[in-house]
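S.K.: Sequences are here, hints too, so could you generate the full structure?
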Amino acid sequence: MTARTVRRWQFRQPSVIPGFGLALGVTLSWLFLIVLIPLSGLALRSSALGWEKFWSLATDERTLNALRISFGTAFAAAAVNVVFGVILAWVLVRYRFPGKRIIDAVVDLPFALPTAVAGIALTTLYAPNGWIGSLITPLGIKVAFTPLGIVIALVFVGLPFVVRTVQPIMEEIDKEVEEAAATLGATRFQTISRVLLPGLAPAVLTGFALAFARGVGEYGSVIFIAGNLPYVSEIAPLLIVIRLEEFNYPAATAIAAVMLVISFAMLLIINLIQAWSRRRYGYGA
Amino acid sequence: MAHDFTSTGHHTSETVRTATSESRLARYGLIATALCFVALFLLLPLAVVFTEALRNGPGEFLTVLRDPETFSAIRLTLLVAAIAVPLNLVFGVCAAWAIAKYEFKGKAFLTTLIDLPFSVSPVVSGLIFVLLFGSHSLIGPWLQSHGIQILFAVPGIVIATVFITFPFVARELIPLMQEQGTSDEEAALSLGASGWQTFWYVTLPNIKWGLLYGVLLCNARAMGEFGAVSVVSGHIRGLTNTMPLQVEILYNEYNFVAAFAVAALLALLALVTLILKTLLEMKFSAQIAASRRH
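Protein chains in written order, with the working numbering: chain A, 1 to 285; chain B, 1 to 294.
Don't read these hints as lab results, they were simulated from the structure.
On a predicted model such as this, the values are computed, not experimentally measured, just so you know.
No residue lacks a Cβ here, since even glycine has one placed at the ideal position from N, Cα and C.
A portion of the hints provided could be inaccurate.
[To be verified] Computed list of lysine-lysine pairs in BS3-like fashion (alpha-carbon distance at most 27 Å, straight line):
1. B:K283 / A:K100
2. B:K283 / B:K208
3. B:K208 / B:K107
4. A:K100 / A:K175
5. A:K100 / B:K277
6. B:K208 / B:K101
[What the hints assert, rightly or not] According to the in silico footprint, chain A covers these stretches of chain B (three or more CB under 8 Å from chain A):
7. 102 to 112
8. 126 to 136
[Claimed, not checked] Now the stretches of chain A that chain B is said to cover, found in silico as 3 or more residues with beta-carbon under 8 Å:
9. 180 to 189
10. 244 to 256
M.R.: In structure tokens form, the structure reads like this:
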């Protein structure tokens, strides 16, 4: 073995394109300054609390309830979005109908509309004297100022995550697969439920996880409609704000740290789903 | 050739059902479900905003917007976006250049780190800056003794907004530039162009629509951010209230017409964003398709 064949460890492969140092330098400095240093500050502050103090703050009755409400409502909303998001994506990919392009554009409204605007609009809509509220209140259904209102707000916020994750994958489905299923005697319902939907599962799961993660952290659209009753309809981000206003920084830090750990776990799960999906189905959702 | 394998009855001449499409009933049912859902959850809230804003006629709508506190909120929102968006534009181009044009160790990890702000709750994003710059922090006392006000002032709002909108431009550009590869740049360089010339005359024209798309989304979020800004702003009326915060204050004061008037301006911004976004997607679908997979 000559010295020439020994591969030296290289940070980057050679390239004739200039500017690597500058571009990576700006990227890393900005990343450290804006994202990594502030986030590690939170980690530092919560570790400074000490494990026992941290644990007692994180498992405080009101905190646990807030976390339970945040995660529960986000889960319910993401589940609703999976059902209607998949139907919506299917309709947009497969059918032609008047106004389709407008509907397709409107799906992104929750990305573009400020959350506070969505919040007051939904509250006005579902309040007992609102357009929808006045219809359902006589039926005994209360939405505004209850946990159900939180779910409604999170459905609004999370919908585009499911549609926009599933839609491109649906567009790529090979028509031949459906034809094969049909010639083998499958009914249309069987083809969809046994052939098409399993292939969409990773994309649907990713969409669910994205909508769920967004819902857990959501604040602006929820606080108006939630009623914010401690132990009943108080979400975790609101409790952080309340603790901050009381200058109770340790409690705010502990709740934030718990939420951050869980959302990073969600991020990891999403990445794992995508890696699994690439191996199993040949695409990353 | 549309042979009919499965349908049992009537076909009209226009719609012959094939083995790979649903029955007409199922089709209409699904379309109706989707439309109702969109109308109920997306269109009605939008309609409410404008109806409530114009409840007392367009005259009052305009009067309300002329209120000095509302006016200063509009100005602050524009100022914050005018600082935060260009900063993230430069960052986004640099990050995409480094990640898309080169192969280096830890690239995937770097991409994940750039996306990190998307998975942090807005309130937590605000909180980390309160912890960083607050009076109990390491640099808080130093800032105070030098008379530098970051929290509860414009700099804090800008920094929180930059954090929230950090990934927008980069994540639109990275897939686009990865797809375009490096051959255009290599050709320009081999013909004697300098690095900057290559960037200005070759790369930038290639990515301009994708870049505009990213800036559009970044701007919408920068102007509409509520949670993070609410935590760092201190809600000082006429000074540190952005438009979304002004909406909250007016709403909590039961000044609904004024709250919805400001909200209507923000909703208009959202509509303009959606229209431009759709136009960009229609005209430059090839360029933007790569980045449409959120």
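S.K.: Count residues of the region 180 to 189 of chain A with a Cβ under 8 Å from any Cβ of chain B, then say if the count reaches three.
M.R.: holds (count 4)
S.K.: Within a Cα-Cα threshold of 27 Å, do B:K208 and B:K107 meet the stated pairing?
M.R.: This hinted pair holds, its Cα atoms lying about 24 Å apart.
S.K.: Can you confirm whether the C-alpha distance between B:K208 and B:K101 stays at or below 27 Å?
M.R.: Answer holds: B:K208 to B:K101 is near 17 Å, not above 27 Å.
S.K.: Is the Cα-Cα distance between B:K283 and A:K100 27 Å or less?
M.R.: 17 Å, holds
S.K.: At least three residues with a C-beta closer than 8 Å to a C-beta of chain B: is that true for the region 244 to 256 of chain A?
M.R.: holds (count 5)
S.K.: Compare the distance between the alpha carbons of A:K100 and B:K277 with 27 Å, and conclude whether the hinted pair is satisfied.
M.R.: 16 Å, holds
S.K.: Hint check: B:K283 vs B:K208, CA-CA at most 27 Å. Holds or violated?
M.R.: 13 Å, holds
S.K.: Given the hinted pair A:K100 and A:K175, is their alpha-carbon gap at most 27 Å?
M.R.: Between A:K100 and A:K175 the Cα gap is close to 22 Å, so the pair holds against 27 Å.
S.K.: Is the coverage entry for the region 102 to 112 of chain B by chain A consistent with the three-residue Cβ rule at 8 Å?
M.R.: Our answer is that it holds, as 6 residues pass the Cβ test (under 8 Å) against chain A, meeting three.
S.K.: Counting residues of the region 126 to 136 of chain B whose CB is closer than 8 Å to a CB in chain A, do you get three or more?
M.R.: It holds, with 8 qualifying residues against the three required.
Checked against the numbered hints given earlier, the structure satisfies every one of them.
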